[in-house]
Amino acid sequence: MKQGYNVDFRVSDELLRKFLFVAEKERRSPAAQFAFMVRNNVAYYEKTKGKIPDAELKKIDISEYACSDGEQ
Numbered sequence: 001m002k003q004g005y006n007v008d009f010r011v012s013d014e015l016l017r018k019f020l021f022v023a024e025k026e027r028r029s030p031a032a033q034f035a036f037m038v039r040n041n042v043a044y045y046e047k048t049k050g051k052i053p054d055a056e057l058k059k060i061d062i063s064e065y066a067c068s069d070g071e072q
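All letters in the sequence shown, in the order written, are residues 1 to 72 by this note's numbering.
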């Protein structure tokens, strides 16, 4: 199974409610909706600004976002 990662962020009550509304209307869990939005955002970025080089991605430390044992 792939390693899972946690990302915490703050949003207003209104934005959270709108996000959950969209997720429900799209028949996605909040986690699936968030992943969908991130994938689309990255695809848009790469379409407009060029592919993100693998070498640059490998420089980014993601260890602080790793889930603890048993958490996915």
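These are computed hints drawn from the structure, not numbers from a lab.
Quick caveat: nothing in here was measured; it's all calculated off a predicted structure.
Treat the hints with caution; some may be incorrect.
[Claimed, not checked] List of simulated lysine-lysine pairs, BS3-like, C-alpha gap at most 30 Å: (1) Lys47 to Lys58; (2) Lys18 to Lys59; (3) Lys49 to Lys18; (4) Lys47 to Lys2; (5) Lys58 to Lys2; (6) Lys25 to Lys58; (7) Lys59 to Lys25; (8) Lys59 to Lys49; (9) Lys51 to Lys2; (10) Lys58 to Lys18; (11) Lys59 to Lys47; (12) Lys18 to Lys47.
[Claimed, not checked] FRET-style restraints, in silico, Cβ to Cβ: (13) Lys58 to Phe21: 17 to 23 Å; (14) Ser12 to Ala55: 34 to 40 Å; (15) Tyr65 to Tyr45: 24 to 30 Å; (16) Phe34 to Ser63: 33 to 39 Å; (17) Lys49 to Leu15: 23 to 29 Å; (18) Arg17 to Asp54: 33 to 39 Å; (19) Ile62 to Val22: 22 to 28 Å; (20) Lys49 to Phe9: 19 to 25 Å; (21) Lys51 to Glu24: 32 to 38 Å; (22) Asn6 to Asn40: 29 to 35 Å; (23) Leu15 to Ala55: 17 to 23 Å; (24) Lys47 to Ser68: 31 to 37 Å; (25) Lys18 to Ala55: 18 to 24 Å.
In this text, a Cβ means the ideal position worked out from N, Cα and C, and glycines have one as well.
Quick rundown of the hints versus the structure:
Distance hint between Lys47 and Lys58 is fulfilled; the C-alpha atoms sit about 20 Å from each other, no more than 30 Å. Restraint check for Lys18 and Lys59: not satisfied, since their Cα atoms lie roughly 34 Å apart, outside the 30 Å limit. For the hint linking Lys49 to Lys18, the alpha-carbon distance of about 29 Å falls within 30 Å, and the restraint holds. With a C-alpha separation of about 26 Å, the suggested pair Lys47 and Lys2 falls inside the 30 Å cut-off, and the hint holds.
Proximity of Lys58 to Lys2 is assessed by CA-CA distance (about 17 Å); at most 30 Å being required, the pair is judged to hold. At roughly 36 Å between alpha-carbon atoms, Lys25 and Lys58 are farther apart than 30 Å, so this suggested pair is violated. Taking the CA atoms of Lys59 and Lys25, the gap is near 37 Å; set against the 30 Å cutoff, the hint is violated. At most 30 Å may separate the alpha-carbon atoms for a hinted pair to count; Lys59 and Lys49 meet this at roughly 19 Å.
Distance check on the hinted pair: Lys51 and Lys2 sit about 23 Å apart at the alpha-carbon level, within 30 Å; holds. About 34 Å separates the Cα atoms of Lys58 and Lys18, which puts this hinted pair outside 30 Å; it is violated. As the CA atoms of Lys59 and Lys47 are separated by approximately 22 Å, the hinted pair is consistent with the 30 Å bound. Distance hint between Lys18 and Lys47 is fulfilled; the C-alpha atoms sit about 27 Å from each other, no more than 30 Å.
For the pair Lys58 and Phe21, the beta carbons lie near 37 Å from each other, so the given range of 17 to 23 Å is not met. At about 37 Å, the beta-carbon gap between Ser12 and Ala55 stays in the expected band of 34 to 40 Å. The hinted range of 24 to 30 Å is not satisfied by Tyr65 and Tyr45, whose Cβ atoms lie roughly 19 Å apart. A beta carbon spacing of about 21 Å between Phe34 and Ser63 contradicts the range 33 to 39 Å that was offered as a hint.
A hinted range of 23 to 29 Å holds for the C-beta pair Lys49 and Leu15, which are about 25 Å apart. In this structure the supplied range 33 to 39 Å holds for Arg17 paired with Asp54, their Cβ-Cβ distance being about 38 Å. Hint check: Ile62 to Val22, Cβ distance near 27 Å, so the stated range 22 to 28 Å holds. In this structure the hint that Lys49 and Phe9 lie 19 to 25 Å apart at CB holds, the actual value being about 23 Å.
Checked against the hint of 32 to 38 Å, the C-beta distance between Lys51 and Glu24 comes to roughly 33 Å, which is consistent with it. Between Asn6 and Asn40 the Cβ separation comes to about 21 Å, which falls outside the hinted range of 29 to 35 Å. Look at Leu15 against Ala55: about 34 Å separates their beta carbons, and that is not inside 17 to 23 Å. Separation of Lys47 from Ser68 is about 35 Å and conforms to the stated range, judged on CB atoms against 31 to 37 Å.
Between Lys18 and Ala55 the beta carbons are some 37 Å apart, a value that contradicts the proposed interval 18 to 24 Å.
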